[in-house]
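Undergrad: All chains should be modelled from the sequences, with the hints used to inform the complete structure.
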Amino acid sequence: MAIQTLFGSASAEPNLLEKLKAGIQKTRSGLVGRIEEVFAGQKEIDADLLEELEYTLITADLGVRTVTEILEQIRLGLDRKSTGGAAEIRGLIERHLLEVLVASDGPMKPVSAPPAVIMLVGINGAGKTTTIGKLTHRFQSEGRQVMLCAADTFRAAAMEQLQVWADRNGVTMIRQTQGSDPSAVVFDALNSAKARKADYLIIDTAGRLHTKENLMAELDKMRRTAQRVVPGAPHEVWLVMDATTGQNGLEQARKFTGAAGVTGIILTKLDGTAKGGVAVAIARELNLPIRYVGVGEQIGDLLPFEPERFVESLFEK
Amino acid sequence: MFDNLSEKLQRVFKNLRGEGRLTAENMEQALREIRVALLEADVHFRVVKQFIEQVRLKAQGEEVLTALSPSQQVVKIVLDELTKMLGGHQSKLRFANEPPTVVLIVGLQGSGKTTSAAKLARVLTKEGSRPQLVSVDVYRPAARQQLAILAKQVNVPIFEGTLDQKTPLELARGARKEAVQTGRDLLLVDTAGRQHIDDRLMQELSELKEALNPTEVLFVADAMTGQDAVKSADEFHKRLGITGVILTKMDGDARGGAALSIRTVTGQPLKFVGMGEKVDALEPFHPDRVAQRILGMGDVVSLIEKAQSVIDQKDAEKMQEKLLAGDDFSLEDFRDQMKQIRKLGPLEGILKMLPGIGGLKELKDAKFDEKELTRIVAIVDSMTPKERGNHMIINGARRRRIAKGSGTSVQDVNNLLKQYGQARKMMKSFSGATGLLGKKGGKFKFPGMPGIPGF
Ligand SMILES: Nc1nc2c(ncn2[C@@H]2O[C@H](COP(=O)(O)OP(=O)(O)OP(=O)(O)O)[C@@H](O)[C@H]2O)c(=O)[nH]1
Ligand SMILES: Nc1nc2c(ncn2[C@@H]2O[C@H](COP(=O)(O)OP(=O)(O)OP(=O)(O)O)[C@@H](O)[C@H]2O)c(=O)[nH]1
Ligand SMILES: [Mg+2]
Ligand SMILES: [Mg+2]
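Top line first, the protein sequences correspond to chains A and B.
My numbering numbers the first residue of the first sequence as 1 and each following residue consecutively.
My numbering numbers the first residue of the second sequence as 318 and each following residue consecutively.
Everything labelled a hint here was simulated from the structure, so no lab data went into it.
Taking lysine-lysine and the DSSO-like style, the derived pairs with C-alpha atoms no more than 27 Å apart in a straight line are:
1) B:K548 to A:K317
2) B:K688 to A:K212
3) B:K635 to B:K703
4) B:K656 to A:K212
5) B:K366 to B:K401
6) B:K526 to B:K494
7) B:K703 to B:K721
8) A:K317 to B:K555
9) B:K366 to A:K317
10) B:K595 to A:K221
11) B:K688 to A:K221
12) B:K548 to B:K366
13) B:K409 to B:K469
14) B:K656 to B:K721
15) B:K469 to B:K483
16) B:K393 to B:K325
17) A:K212 to B:K595
TA: What follows is the structure in structure tokens.
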């Protein structure tokens, strides 16, 4: 699958795809097995199976409302065709989820003149800084010149953490002193990126809860500052979300979209057992595409999002 | 934002025949609402199922309390059961017989371990311990630096390690030795975040535990965690035997159902909640409050405590005495109260903490404008002491002067005087319990709050 970048498409490295497969492919028991068992035994689609389906989807964090709606649709679909095989049920669910994810997907807006400015936002500890380290690596391997902006001037050692990632990638990071105005750092960094003709400038922001209005307003100010230096910037605002996040993720997405104009999601920590199903609810409601997934703490552990793979993994145990 | 469970249950019982008593039929519908509320709060699917069964049993055996409506009765059962399941107040850490007591802090990546370690160090110092911190996170960039900065903020020594101490085990042993040598009675060990399925890193924790023999192994979990909480908590518990839980990021609007999941699957007590990024934002865990929050019922107790903590008790008492003595409620008093209210922080935030507030039309329409509070203070500040003592003398000319001095308009000054007049009348009618917190009457009131009818 081709990877969309802000400058067009680049082809995917197969080794990364293999990695994802290894990362999330686990024993295929659970629902799949159960459905096949039901199918083989020609049992009826009973309440038990529906509950098992509900269990699978809810424990993947899709949310009880989303799941109820999906199952309702499935029920309708079954009534009409009424063959009712278990494989058919799974197919219907998968198709529905894929439709949702594909509908929210779309190419990124191309950037006519560099620097392409990307801002990463999200709640505390979601994985923003680490993801920037990985994105830098990815963009560089596509032959692009990247610069970083350390706009988390608040958290202890946040700038030092990003500096390590800048050094690992051998790129320049613009910073100011601890506690300085994040917008001032953004201003500096954008000017610097323009002067040095960087292709990408990635802005790291401090983690913040979406309920803190003053901190959300700060993001808006950073955006306006960026816009003043580079018209159209930030070109992309990615909400970084931990895959373990439950239903609060939807409210996070709403609030960050409202305050910071989020254009896409990056789902991190998919190397654990969490499925990140809340992203489906987010795609449904806010039409936000998932751009990348994080599958570890190493520099190469970032993959382009693949809806088919994601949907499949929802059913894996 | 969330539909309040009590309101939902009220609707259930209203829409059914037989309102006035619990029947098997309306109970089932109520249980369905409870189930949805718990799932929306991220309580694990199976834990919800188990809980619903428990409530069903309880409700069947319950005596009918004529004093309560069916919905109130169900809410009470649910709240009681949930509170019980969440466990008692157990925020005290246990200490080793022989110091130093070692506390091992573990959890998934980014859950808040390092911040919580510093917060704990601060709280325990206040309680008379002499803690020492150490980070054995040799993996994440700048992780040890982060703890070093936080340690400085809370004024607690940190073991930084020598050049040859490179592994977590070496660092932990070194820290322990130093704690003993420097007479520290508590060692807080911050570990790297890890996935519960990462066998190598989980093994590393087992080894640390083996070597340090910690009295407490605290599992730090993010309040926003969804269904996966049971899996990670279970695995950490199986491999390490955790002894308590810290639930972080509770300063947001997450319902925190993960608390119930974790508690159910590990059986270990929740001890603290993280209420912010700053090092002073750690609070004891209160099962009743978290139970209300999981059910989406607001948090009245926290609101009152917050009010009590920011409102200067002495000022409040002084005001009370003054009013009891029959003194007038002056413009200065009015201004001081505005200042107190402002200290409570964004008013919308406070109002969100109140259950059922969404239903009150008057409140929805009322304007809760921080700027308005600031304006009031500025206007009163621009008055002469004489004017503040007697509002009757503030004529047109004086109003123009005050408006100019405070950078407001005459209209603003007029509004303020009107609000003050209303507040004053209200104060007069409170004979007895008139402190800002109405201590005597035991009721929580904001006399004189502008434009908020019936508060
Ligand atoms: N397993 C795993 N860990 C990750 C992933 N992404 C980030 N992490 C880890 O999650 C933790 C938090 O990551 P950070 O990059 O510091 O998160 P942040 O959003 O910048 O945090 P704040 O700036 O404090 O809000 C670190 O321990 C990272 O190593 C991932 O995809 N998988
Ligand atoms: N709002 C809020 N933020 C918190 C709280 N506790 C921690 N944080 C923030 O969450 C982020 C992660 O906290 P850390 O203490 O670095 O988490 P950690 O578990 O040590 O992370 P790793 O070591 O990378 O696994 C930081 O931005 C903290 O400031 C809390 O109670 N409320
Ligand atoms: Mg960061
Ligand atoms: Mg840490």
